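Q: When you get a sec, could you build the whole thing from the sequences and use the hints?
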Amino acid sequence: MILSVDELQFLYRNTKILDDIAFSISEGEIVAILGPNGVGKTTLLKCLNRILVPREGVVSVCGDPIASLGLMEVARRIGYVPQRVETGRLTGFDAVLLGRRPHIGWDITEKDLRIVDAAFKKFMIDHLRLHYLDEMSGGELQLIAIARAFVQEPKILLLDEPTSALDLKNQVEILDLIRNIVTDHRIAVVMTMHDLNTALRYADRFIFLKDQSIHTYGDRSIITENEIEAVYGVPVQIGELWGVPCVIPQCLCNGNGKSKEEENQHIVQKRESRAYVRYR
Amino acid sequence: MHLADGELPHDYLGYTYQKVLFILGGIGILFVLLIVSIAVGAVSIPPVEVIMTLIGQNVTDKWDRIIWNIRLPQALTAIVAGAGLSVAGVAMQSILRNPLASPFTLGISNAGAFGAAVAVIIFGTGLMTSTTAGAVVINNPYLTTITAFAFCMLATVVIIAIAKIKASSPEVVVLAGVALSSLFTAGVMFLQYFADDTQLAAVVHWTFGDVGRAGWPELTLMAVITIAACIYFIANRWNYNAMDAGDETARALGVNVERLRNAGMVVAALVTSVLVSFLGVIGFVGLVCPHMVRRIIGDEQRYLIPGSIVMGAVLLLASDTVARLIVAPYVLPVAILTAFMGAPIFIYLLLRGHHR
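For the record, the sequence lines run as chains A and B.
Taken in order, the first sequence gives residues 1 to 280; the numbers are from my numbering.
Taken in order, the second sequence gives residues 281 to 636; the numbers are from my numbering.
Worth double-checking, as some hints may not be accurate.
[Claimed, not checked] Pairs of lysine-lysine, DSS-like flavour, derived with a Cα cap of 27 Å: (1) K16(A) - K444(B); (2) K111(A) - K155(A); (3) K111(A) - K299(B); (4) K121(A) - K299(B).
For the record, the hints were derived by calculation from the structure and aren't laboratory data.
Everything numeric in this text was worked out from a predicted model, so none of it was measured.
A: This is the structure we're talking about:
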């Protein structure tokens, strides 16, 4: 067990954001944190490496509670990639080299340079080494940010919506890369996600957050139509395509923008009955 | 270890080598400027004799006195003040995450001017005398300096307190600094309104920053504090890089961002306060030198901080040399010249865009 969270509670100005959160993660696992906007996915992620300090509860990394570790020691064990990456007049190599910060004393050494070089090869982004950050695309910046967290040589990598701003090709490439480093380096990844289909394809375990707390935590078997409707409040259907489970929300449009009365009659009824209950 | 198969990145090392060359080139220019600055003036001294005197060879007693008592302290003060204001500027731009930040953003220079006005007008330290140069003399420079410094520190403490209360949000600090600046400007205007001609002239004269004011003891104090600040910021260059990458990234890299911000503000404010209270208000250097360097070698703090230190020293020393010559035999305060010298270069760099 590489990361364990117990009875975690987080308050923002006396408003409870997270309560009674408990789960644990083993090495070599990708865990997706799912749930509607504003439910506290990012907050939970930030509590895991003390960017935010929870009011109560214990987060342990490799057996040590992180509250007992120094900031630098936490940084050597947990890497973090935020949703938005700041740019500047820096080269890709400069930006990734910064990931060695928790390991450097007065200045970088040859070892740090070699590790960053290897990371560029591993991520197959050698062409970005001397490119400036302020001239890179969103996908390139995301790769640089993940590479930076990777050269921290962490045991756990936290990613905040790593693909939500990216096109299809970049999404697939980045998630394939993450899968690949999890397998090769036996680290654990925790990421927040919006897209259930991508989560289903790449994650091993799933945490559904609802009402400040964990609604369900488990492997693929917990993702059911009822569970998703309970968490997101949207009726869905789960089908299979090429043996891959696909989640499709039920809605009034069938793809060409026009409603198909016949096909969707039951949904309309379902919605109306729910609306009736809500407004009564 | 899984990342051990990397090679030494020669392309990247070549790229950083250019930045090192830029900084070394700047230091070379600074030395040449220093000799030129000492050589020129009302009495011209040949550069060779300047060097001879500086390395301890007594050429003539007259030149010895001019160099050691007047020109060398003034030139070194320009170097120290330029370096100090520029390093404070580059740090404030990172700390406040704002390209318009400079040592004066926090209202420190206006606080210093207000302190000087209080000393001159209320404590009566200003006095106009007809010397040969027709200059205004402040008859108790120490009291004026101490009062100016006290108000600089007051502004600093208020800003730090506001930053603490509002949990170090950079926007709040910038806005509070602007408010404080206006407050002290209004204070100066209020005092000036009730001042007589002599006092008014003394206050206005004080606010023209001038590196000729400092003798060896003042220079020593300014140099010690500036060098300490430069060492502090250079030692924290990796933390500043991390902070530039965003607060969350910095924290995830093990950097205590709040503490770094507060400590950086205190150090930058201290340097600025000391320089302002001894020399008066010297604008532009702290704001623009870091940006000149950013345009040439980029935002990487390992090179940006030393580059800014050198650039600030070069710009202020060059400005002071020109200020002493341009309307000779009159000597202009350097503050008037910094913007004249720097603004065209800066606008050129802005238009040219980034160096590729």
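Q: Confirm or reject each hint.
A: Quick rundown of the hints versus the structure:
Pair hint K16(A) plus K444(B) holds up; C-alpha atoms about 24 Å apart against a cutoff of 27 Å. With a C-alpha separation of about 19 Å, the suggested pairing of K111(A) with K155(A) holds against the 27 Å cut-off. Proximity of K111(A) to K299(B) is assessed by CA-CA distance (about 21 Å); at most 27 Å being required, the pair is judged to hold. For the hint linking K121(A) to K299(B), the alpha-carbon distance of about 25 Å falls within 27 Å, and the restraint holds.
In this structure, none of the earlier numbered hints is contradicted; all agree with it.
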